[in-house]
Amino acid sequence: MRFHIEVEHPERCIGCYSCVYACSRHLYNTVDPMRVAVFVRVNKSLENPFNVIACRFCTQPECVFACPQGALEALPEGGISLTPSKCAGCKNYDCIEACKLGALALDRGANVPVICDRCGDCAKFCPHDVFRYEEMKS
Amino acid sequence: MNSRLAKVLHVNLAEKESRIDERPELFNAYLGGAGVASKLLEEECPPRIDPFSPEAPAIFTVGPFTGLLPSMVKTVAMFKSPLTGNLGESHCGGHFATALRFAGFGALVVKGAADLPSLLVIEDSDVRVEAASSLWGLSPLQVEKSLRSSNQEGIESVASIGVAGENGVYYSGLITDRFHHFGRLGLGAVLGAKKLKAIRIRGTGDVHLERPTEFKEFYEEIHKLAVQTEEMRKYHDLGTPINVMMLNEMGALPTKNFTQSRFEKAEGISGERFLETLLERKISCPGCPVGCIHLGGLRTGFSPEHELGRKEAFEELDLVPYNYEPIFALGSNLEVADAASVLRLIGLCERLGIDAILTGSVLAWLTEAVQKGLIPRQDLGDLEPRWGDAASYSKIVENIALTRNQFYRRLAQGTMAAAEKYGGKDFAVSIGKNSPAGYATGYGFVVGTLVGARHSHLSNTGYSIDQKAVKSNLSLEQMVEKIAEEEDWLYLYYSLVGCYFARGVYDEQTIVKALDLIGLPKSARELRDLGNEVFQRLYRFKVREGFNLTREVIPKRLTEIETPYGRLDPSRLREMVQQYMRLRERQGLRLRRDDEALTELLSPTAKA
Numbered sequence: 001m002r003f004h005i006e007v008e009h010p011e012r013c014i015g016c017y018s019c020v021y022a023c024s025r026h027l028y029n030t031v032d033p034m035r036v037a038v039f040v041r042v043n044k045s046l047e048n049p050f051n052v053i054a055c056r057f058c059t060q061p062e063c064v065f066a067c068p069q070g071a072l073e074a075l076p077e078g079g080i081s082l083t084p085s086k087c088a089g090c091k092n093y094d095c096i097e098a099c100k101l102g103a104l105a106l107d108r109g110a111n112v113p114v115i116c117d118r119c120g121d122c123a124k125f126c127p128h129d130v131f132r133y134e135e136m137k138s
Numbered sequence: 139m140n141s142r143l144a145k146v147l148h149v150n151l152a153e154k155e156s157r158i159d160e161r162p163e164l165f166n167a168y169l170g171g172a173g174v175a176s177k178l179l180e181e182e183c184p185p186r187i188d189p190f191s192p193e194a195p196a197i198f199t200v201g202p203f204t205g206l207l208p209s210m211v212k213t214v215a216m217f218k219s220p221l222t223g224n225l226g227e228s229h230c231g232g233h234f235a236t237a238l239r240f241a242g243f244g245a246l247v248v249k250g251a252a253d254l255p256s257l258l259v260i261e262d263s264d265v266r267v268e269a270a271s272s273l274w275g276l277s278p279l280q281v282e283k284s285l286r287s288s289n290q291e292g293i294e295s296v297a298s299i300g301v302a303g304e305n306g307v308y309y310s311g312l313i314t315d316r317f318h319h320f321g322r323l324g325l326g327a328v329l330g331a332k333k334l335k336a337i338r339i340r341g342t343g344d345v346h347l348e349r350p351t352e353f354k355e356f357y358e359e360i361h362k363l364a365v366q367t368e369e370m371r372k373y374h375d376l377g378t379p380i381n382v383m384m385l386n387e388m389g390a391l392p393t394k395n396f397t398q399s400r401f402e403k404a405e406g407i408s409g410e411r412f413l414e415t416l417l418e419r420k421i422s423c424p425g426c427p428v429g430c431i432h433l434g435g436l437r438t439g440f441s442p443e444h445e446l447g448r449k450e451a452f453e454e455l456d457l458v459p460y461n462y463e464p465i466f467a468l469g470s471n472l473e474v475a476d477a478a479s480v481l482r483l484i485g486l487c488e489r490l491g492i493d494a495i496l497t498g499s500v501l502a503w504l505t506e507a508v509q510k511g512l513i514p515r516q517d518l519g520d521l522e523p524r525w526g527d528a529a530s531y532s533k534i535v536e537n538i539a540l541t542r543n544q545f546y547r548r549l550a551q552g553t554m555a556a557a558e559k560y561g562g563k564d565f566a567v568s569i570g571k572n573s574p575a576g577y578a579t580g581y582g583f584v585v586g587t588l589v590g591a592r593h594s595h596l597s598n599t600g601y602s603i604d605q606k607a608v609k610s611n612l613s614l615e616q617m618v619e620k621i622a623e624e625e626d627w628l629y630l631y632y633s634l635v636g637c638y639f640a641r642g643v644y645d646e647q648t649i650v651k652a653l654d655l656i657g658l659p660k661s662a663r664e665l666r667d668l669g670n671e672v673f674q675r676l677y678r679f680k681v682r683e684g685f686n687l688t689r690e691v692i693p694k695r696l697t698e699i700e701t702p703y704g705r706l707d708p709s710r711l712r713e714m715v716q717q718y719m720r721l722r723e724r725q726g727l728r729l730r731r732d733d734e735a736l737t738e739l740l741s742p743t744a745k746a
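Residue numbers (the working numbering), protein chains in the order written: chain A, 1 to 138; chain B, 139 to 746.
A few of these clues could be false.
What the hints assert, rightly or not - List of simulated lysine-lysine pairs, DSS-like, C-alpha gap at most 27 Å:
(1) A/Lys-124 <-> B/Lys-651
(2) B/Lys-563 <-> B/Lys-394
(3) B/Lys-660 <-> B/Lys-362
(4) B/Lys-403 <-> B/Lys-694
(5) B/Lys-559 <-> B/Lys-571
(6) B/Lys-354 <-> B/Lys-660
(7) B/Lys-533 <-> B/Lys-510
(8) B/Lys-620 <-> B/Lys-559
(9) B/Lys-420 <-> A/Lys-44
(10) B/Lys-651 <-> A/Lys-44
(11) A/Lys-137 <-> B/Lys-559
(12) B/Lys-651 <-> B/Lys-354
(13) B/Lys-420 <-> B/Lys-449
(14) B/Lys-563 <-> B/Lys-145
(15) A/Lys-124 <-> B/Lys-372
(16) B/Lys-394 <-> B/Lys-249
(17) B/Lys-606 <-> A/Lys-124
(18) B/Lys-680 <-> B/Lys-694
(19) B/Lys-680 <-> B/Lys-563
(20) B/Lys-283 <-> A/Lys-100
(21) B/Lys-694 <-> B/Lys-606
(22) B/Lys-660 <-> B/Lys-694
(23) B/Lys-154 <-> A/Lys-124
(24) A/Lys-124 <-> B/Lys-283
(25) B/Lys-533 <-> B/Lys-563
What the hints assert, rightly or not - Quick partial rundown of chain A residues pointing at chain B, CB under 7 Å, derived from the structure:
(26) Arg-25
(27) Val-31
(28) Pro-33
(29) Ser-85
In case anyone wonders, no lab produced these hints; they're calculated from the structure. Backbone N, C-alpha and C fix where the C-beta goes; we use that ideal spot for every residue, glycine too.
Sequences and hints are given; from them, build the entire structure.
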């Protein structure tokens, strides 16, 4: 099952990191807030609202344009796919720098960007309805 | 990263040095949290040491499920308490535990004293002690804003003491991540004596799942329990302030220095009132979906010249965490009857880094002592504490935190220390030199707080046993057994380290399964034995440091207040404590230094 996911209400975030932990469990069988496709960011003090960031599934993604290896590809339904064999060896991480939202992280183990596979776990584990998500048709 | 805890980080502030000890056996045997801390305390704390001595350790531990399972979010601190002169144990939420674990550590031991105000920086295995005079004198909020990095990698925690800790107030705390506290027993002063103003931890590691498929299914079950069950919902909805009206109706809400168990103006400080008029946001600890931290908003106007336009546009919003205990301590127990004033007092304690329960207890005793003429006029200055007068209470709290003179320095040592100097011990509401939480629920609460290793209502849930006992006709004897059983079990739970609020989610079988899933299989029996072992080790520490249950006094005031049981009968209280001692002695624990009879448990006037 794949989902369309949107960070609709970041202001509702209580900073529980359930989305972050769920994402790294799903993608890598680990709990690692660095190696994820969804982020809870603290804005200077915990007094300020949290910022929740996730891939917006752009149809003309700047991360794809930035990759000099052609390792990232824009998908017709939005979002990106990665060809790891083309990516490995690049130490510039232009894709990660390119995303203005900061929604792309580096998988330090494999030295490739972490790609959201639309599993929907972030939204499923959010206790405060930060995300809007629905199953994709195809 | 290895999924098991093994590393103990030792920091010496005097030498500005650190080392990492690999202790997998320590964590395999005692899991983490209270279990590992109790062992490190035994190893690191020299007998009868002055809590402010450089050699006195401050120990922080996390647990095997930190970062892994819902609500396993707390850090346990152990130290020698200046307030009780004995075991210091305090648990704190926030990002501290997660950051420490993702930095790779199961425990942190801080010793030595720096010559100048210092900051301890832990960035994974890069550990530094840095000069930080510029932070001295700042509030924990200001420190957090100064130290939190804009780099958002991993999990970061900022903890700091306030001026109360710098000035050695015996009940000053360590405030972490703006809204969480190592409270009660004076960890702030212990760190202040070491000139350690703040700790910043950034952890960028991970915790690998050993049996991912099973673990993920298990996680989902726990997550559902944590967010969907009624028992947990209350922590999110009204939060613990739900207790204000509940206890008031029951006749168990301590009011006016425990002279009454109902507060006629309770509605003004009820959880509902806070929710309707002050609540701004709720937040969680990382890894807990409950969201129990209720933040109330205090609005302060800018200076008048900036105030043209809508008033709200020129107000600063200060967020203050509130829950039941500070509302009782600075509200009903002082007869402060409106939620905003109570929140302002809580906010003041936050800024100064002083414990709200102890502060409320000292103020309540002081108000009565002044009215009874026990306090010399010249000591008080022009301040006169009066029931319900939040403004004068504020000034007194500041004077205590700043230890303005000898009089306030005495108040800064706690309720019992103040009464020892000025008189009024009968109404100094103090148990084991700690000040009790807000439950005039009956025998379970008083006995539980007295016999608990850290003299907290969270030691053994005596207040909750009271409420169940009323419904199910538990005998006093059964209550004593339950108190001992709960404390043992909680020491196991605090070794994991679970949040007290989620204790209902993690029953015995759940914990057995969870440990198995991370490759630390233990039977239910082994878990119970471990809890008992941790308790016993801590009690041996207490006895070594001079604690003697036979010499403890239950203040007369606690036998005068009406409870749901009526007034507590001193002879029944004494019987319960004796029975508790026999029960523990049967388990092989020596509770006293010699064979004294239990003669001094109650103050002389209450014995009759």
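Now for the hints, and whether the structure bears them out:
Pair hint A/Lys-124 plus B/Lys-651 holds up; C-alpha atoms about 24 Å apart against a cutoff of 27 Å. About 16 Å separates the Cα atoms of B/Lys-563 and B/Lys-394, which keeps this hinted pair within 27 Å; it holds. Taking the CA atoms of B/Lys-660 and B/Lys-362, the gap is near 25 Å; set against the 27 Å cutoff, the hint holds. In summary, the hint linking B/Lys-403 to B/Lys-694 is supported, as the alpha carbons are separated by about 26 Å, within the 27 Å threshold.
A threshold of 27 Å between alpha carbons decides the hint, and for B/Lys-559 with B/Lys-571 the separation of about 14 Å falls inside it, so the pair holds. About 20 Å separates the Cα atoms of B/Lys-354 and B/Lys-660, which keeps this hinted pair within 27 Å; it holds. With a C-alpha separation of about 21 Å, the suggested pair B/Lys-533 and B/Lys-510 falls inside the 27 Å cut-off, and the hint holds. Under the criterion of a C-alpha separation no larger than 27 Å, the hint pairing B/Lys-620 with B/Lys-559 is inconsistent with the structure, at around 37 Å.
Distance restraint check for B/Lys-420 and A/Lys-44: the Cα-Cα separation of roughly 18 Å lies within the 27 Å cut-off, and the hinted pair is therefore satisfied. For the given pair, B/Lys-651 sits about 39 Å from A/Lys-44 by alpha-carbon distance, which is inconsistent with the 27 Å threshold. The suggested pairing of A/Lys-137 with B/Lys-559 is violated, with an alpha-carbon distance near 77 Å, which exceeds 27 Å. In summary, the hint linking B/Lys-651 to B/Lys-354 is supported, as the alpha carbons are separated by about 13 Å, within the 27 Å threshold.
Between the alpha carbons of B/Lys-420 and B/Lys-449 the distance comes to roughly 25 Å, so the proposed pair stays at or under 27 Å and holds. Our distance criterion of 27 Å between C-alpha atoms is broken by B/Lys-563 and B/Lys-145, whose separation comes to about 46 Å. Pair hint A/Lys-124 plus B/Lys-372 holds up; C-alpha atoms about 22 Å apart against a cutoff of 27 Å. The straight-line distance between the Cα atoms of B/Lys-394 and B/Lys-249 is roughly 41 Å, outside the 27 Å bound, and the hint therefore fails.
With a C-alpha separation of about 36 Å, the suggested pair B/Lys-606 and A/Lys-124 falls outside the 27 Å cut-off, and the hint is violated. Between the alpha carbons of B/Lys-680 and B/Lys-694 the distance comes to roughly 24 Å, so the proposed pair stays at or under 27 Å and holds. Restraint check for B/Lys-680 and B/Lys-563: satisfied, since their Cα atoms lie roughly 23 Å apart, inside the 27 Å limit. Taking the CA atoms of B/Lys-283 and A/Lys-100, the gap is near 25 Å; set against the 27 Å cutoff, the hint holds.
A C-alpha spacing of about 25 Å is found between B/Lys-694 and B/Lys-606, which places the hinted pair at or below 27 Å, so the restraint holds. Of the supplied pair hints, the one linking B/Lys-660 and B/Lys-694 is violated, its CA atoms being roughly 45 Å apart against a limit of 27 Å. A C-alpha spacing of about 46 Å is found between B/Lys-154 and A/Lys-124, which places the hinted pair above 27 Å, so the restraint is violated. Among the hinted pairs, A/Lys-124 with B/Lys-283 is inconsistent with the structure: their alpha-carbon atoms are about 32 Å apart, more than 27 Å.
At most 27 Å may separate the alpha-carbon atoms for a hinted pair to count; B/Lys-533 and B/Lys-563 meet this at roughly 24 Å. With its C-beta approaching chain B no nearer than about 6 Å, A/Arg-25 sits inside the 7 Å limit, and its interface hint holds. The restraint placing A/Val-31 at the interface with chain B holds, with a minimum CB-CB distance near 5 Å, inside the 7 Å limit. The interface hint given for A/Pro-33 holds, since its Cβ lies 6 Å from the closest Cβ of chain B, which is under the 7 Å cut-off.
For A/Ser-85, the interface hint is violated, the least distance from its beta-carbon to any beta-carbon of chain B being 25 Å, above 7 Å.
Against the hints set out earlier in the document, violations occur for numbers 8, 10, 11, 14, 16, 17, 22, 23, 24, 29.
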